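Novice: For the protein sequence lines, the chains are H and U, in the order given.
In case it helps, my numbering puts the first sequence at residues 435 to 748.
In case it helps, my numbering puts the second sequence at residues 356 to 648.
Bear in mind the hints are in silico, worked out from the structure with no lab data behind them.
It should be emphasised that the depicted structure is a prediction, and the values quoted were computed from it without experimental measurement.
In this text, a Cβ means the ideal position worked out from N, Cα and C, and glycines have one as well.
Do not take every clue at face value.
[What the hints assert, rightly or not] Distance windows between CB atoms, simulated: (1) Pro494(H) <-> Met410(U): 52 to 58 angstroms; (2) Val439(H) <-> Ala393(U): 56 to 62 angstroms; (3) Asn657(H) <-> Gly379(U): 33 to 39 angstroms; (4) Leu419(U) <-> Leu491(H): 49 to 55 angstroms; (5) Arg372(U) <-> Met435(H): 35 to 41 angstroms; (6) Arg658(H) <-> Phe531(U): 49 to 55 angstroms; (7) Ser560(H) <-> Gly467(U): 48 to 54 angstroms; (8) Arg667(H) <-> Ile538(U): 54 to 60 angstroms; (9) Tyr646(H) <-> Ala393(U): 57 to 63 angstroms; (10) Ala417(U) <-> Leu733(H): 57 to 63 angstroms; (11) Arg740(H) <-> Tyr465(U): 33 to 39 angstroms; (12) Arg366(U) <-> Val674(H): 34 to 40 angstroms; (13) Gly599(U) <-> His505(H): 38 to 44 angstroms; (14) Leu419(U) <-> Tyr646(H): 27 to 33 angstroms.
[Said to hold, decoys possible] Examples of chain H residues lying across from chain U (beta carbon under 8 angstroms, computed): (15) Val456; (16) Phe458; (17) Ser575; (18) Phe705; (19) Leu729.
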Amino acid sequence: MTRFVLRRVLQSAIVLLGVTLVVFLLLQLVPGDPVRVALGTRFDPQTYEALRSRAGLDQPLPVQYASYLGHALTGDLGVSFRTGQPVSWIVAERLPATLSLAVTAVVFALLVAFPLGIVAAVRSGSAVDHAARVFSQFGVSVPDFWMGIMGIILFAGVLGWLPPSGYVALTEDPGRWASHVALPAVTVGLVTASILTRFIRSSVLEVLSADYVRTAEAKGLRNRVVILRHVLRNALIPVVTVVAVQLASLLGGVIVIEVLFAWPGIGRLTFDAVQARDYPVLQGAVLLVAALFLLVNLLVDILYARLDPRITVK
Amino acid sequence: MSGGRESTGRRVLDALRRDPLAVGGTFVLLLLIVVGVAGPWLAPAGVNDVDVDAMLRPPSGAHLFGTDELGRDVLSRVLVAARVSLEVGVVSVGIALVAGVTLGLFAGYYRGWLDSVLMRCMDVLFAFPVLLLAVAIVAVLGPGLLTAMVAIGVVYTPIFARITRAGVLSVREQVFVRAAVSIGASDLRIMRRHVLPNIAAPLIVQTSLSLAFAILSEAALSFLGLGIQPPAPAWGRMLFDGRGFVTDAWWLGVFPGAAIFLTVLAFNLVGDALRDVLDPRQLTVSEARRSTP
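Could you put together the complete structure from these sequences and hints?
Specialist: This is the structure in structure tokens:
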């Protein structure tokens with residue numbers, strides 16, 4: 435187990451190093467001078483020189499990368515070309531909004547996917563099963579932003595129950611936060627739920643055909659006990675991975691949904707940075723998201739190996 | 356060999372014909388290709404014909420899908436935009452297919468350090484959420500149709516590389532490959548004549564599913580203003596431009612989105628049916644989507 439953990443940590447560290455290289459190279463790919471491009475009409479020689487020097491662009495490329503890496507390791511992701519504020523500070527400020535949206539969406543997805551996936555598997559071939567399969571296909575084919583627009587038309591336009599966009603912090607006013615988060619969270623949550631439903635269904639179906647389930651049934655256990663004690667316990671282990679990966683993706687910011695609902699999270703920050711050509715902020719957001727994604731994958735692999743020791747052997 | 360190919364082709368056609376969902380998906384795709392090719396001729400009005408006297412008109416006999424905030428005919432724009440989606444889908448998946456298959460072939464065939472280096476590079480690309488990486492690439496290279504195609508092509512390359520490598524690793528140990536090596540066939544010939552045809556099935560399935568994801572990604576990029584630039588019509592861009600009016604003009608939100616949904620659904624249905632016939636062990640659409648977050 436220890437060897438497995440060490441190997442996975444080392445692999446993740448190597449990939450993270452590659453991620454920092456890709457993120458660093460993004461700035462080098464900008465046609466022309468990125469600082470000049472970012473400043474646009476606000477150009478003045480003093481600001482220009484200060485930003486170039488602060489970003490290390492007056493150094494040779496390998497030195498720039500070494501410096502970028504060294505600073506990134508200490509949490510220094512440079513300063514915004516637009517506001518001059520530290521990028522790590524700007525990104526950290528946006529995290530709570532993304533976190534509250536991602537967690538709400540995943541909770542909603544779990545509330546839908548668990549009962550639907552389990553019932554679809556236990557009653558395979560029934561109307562519920564067919565409905566679950568249609569729902570899964572719908573979820574992976576529908577653009578989430580279109581579903582969001584449909585939600586705005588129905589719940590904000592026709593019924594007038596919910597605000598069409600905007601954000602209120604949870605700590606500020608929980609009631610208004612709930613009304614603002616409902617539409618984006620349900621939009622994202624439905625797509626996530628469709629993916630989870632399919633996994634839960636196939637996972638439960640697989641366990642239902644296992645020998646130990648037949649044994650449990652043969653010794654006369656009640657159906658409810660077999661499902662709860664034997665089937666679900668084992669079937670839900672692989673689902674942990676999928677839920678965590680989905681959460682990691684959402685923490686990375688659902689750019690389009692955050693833009694559509696004017697939700698000031700990481701996704702919206704990325705979009706704003708692209709619009710403003712604020713490359714250090716774009717780099718910071720992309721690096722944070724990729725690092726978060728790697729970290730969650732690493733933790734899930736380790737957790738999974740603990741839950742199912744056969745993984746380390748494989 | 357050709358007899359085997361014929362029977363596989365017939366098997367695929369028979370299976371697709373028996374599956375009503377696949378028949379529906381194929382029908383929508385054929386319709387889409389017709390619209391993609393003949394869109395400008397089928398459109399009842401010019402895509403950029405502005406009519407300030409007919410702004411935000413609801414669907415009617417004169418404008419079946421209504422008009423937008425500039426009085427342009429929404430049906431005409433939806434029809435003409437089909438070509439953009441198909442073009443981006445085909446070109447970007449083509450880029451991913453060629454790049455991914457080439458990398459995967461070399462990595463799986465030669466193994467060793469080349470395999471390690473190439474696959475670690477693919478791991479790095481996999482560490483980024485698909486849309487985020489595409490947005491970052493387009494942001495850096497500048498928005499436009501070509502950069503959107505390249506960006507989507509780059510982000511879908513790793514999945515093709517992984518599938519190809521996995522296939523090559525098993526095929527290269529087969530007797531017919533070892534026989535080809537023993538009679539002195541060159542590596543390139545072995546890869547082209549013996550390895551590639553035997554790993555084609557999962558690649559065909561992945562191509563179909565990737566077309567769906569690529570069209571979704573293009574729509575998302577267009578929605579963010581990073582795809583084809585106005586005034587050229589794109590479904591995602593139409594949704595973005597109309598988002599401020601949708602509570603009063605629902606048709607601006609409904610029709611372009613429905614076009615994206617039907618197109619992606621059709622590719623997914625055909626992809627799922629192809630998978631059932633050609634490669635039942637491969638990932639379902641949901642699983643494939645999860646593996647390329």
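Novice: Hint by hint, say whether it matches the structure.
Specialist: Against the structure, the hints come out as follows:
{"no.": "1", "hint": "Pro494(H) <-> Met410(U): 52 to 58 angstroms", "result": "56 angstroms, holds"}
{"no.": "2", "hint": "Val439(H) <-> Ala393(U): 56 to 62 angstroms", "result": "59 angstroms, holds"}
{"no.": "3", "hint": "Asn657(H) <-> Gly379(U): 33 to 39 angstroms", "result": "37 angstroms, holds"}
{"no.": "4", "hint": "Leu419(U) <-> Leu491(H): 49 to 55 angstroms", "result": "54 angstroms, holds"}
{"no.": "5", "hint": "Arg372(U) <-> Met435(H): 35 to 41 angstroms", "result": "51 angstroms, violated"}
{"no.": "6", "hint": "Arg658(H) <-> Phe531(U): 49 to 55 angstroms", "result": "54 angstroms, holds"}
{"no.": "7", "hint": "Ser560(H) <-> Gly467(U): 48 to 54 angstroms", "result": "52 angstroms, holds"}
{"no.": "8", "hint": "Arg667(H) <-> Ile538(U): 54 to 60 angstroms", "result": "55 angstroms, holds"}
{"no.": "9", "hint": "Tyr646(H) <-> Ala393(U): 57 to 63 angstroms", "result": "59 angstroms, holds"}
{"no.": "10", "hint": "Ala417(U) <-> Leu733(H): 57 to 63 angstroms", "result": "59 angstroms, holds"}
{"no.": "11", "hint": "Arg740(H) <-> Tyr465(U): 33 to 39 angstroms", "result": "36 angstroms, holds"}
{"no.": "12", "hint": "Arg366(U) <-> Val674(H): 34 to 40 angstroms", "result": "38 angstroms, holds"}
{"no.": "13", "hint": "Gly599(U) <-> His505(H): 38 to 44 angstroms", "result": "40 angstroms, holds"}
{"no.": "14", "hint": "Leu419(U) <-> Tyr646(H): 27 to 33 angstroms", "result": "59 angstroms, violated"}
{"no.": "15", "hint": "Val456", "result": "6 angstroms, holds"}
{"no.": "16", "hint": "Phe458", "result": "12 angstroms, violated"}
{"no.": "17", "hint": "Ser575", "result": "4 angstroms, holds"}
{"no.": "18", "hint": "Phe705", "result": "6 angstroms, holds"}
{"no.": "19", "hint": "Leu729", "result": "10 angstroms, violated"}
Hints 5, 14, 16, 19 from the earlier list are contradicted by this structure; the remaining hints agree with it.
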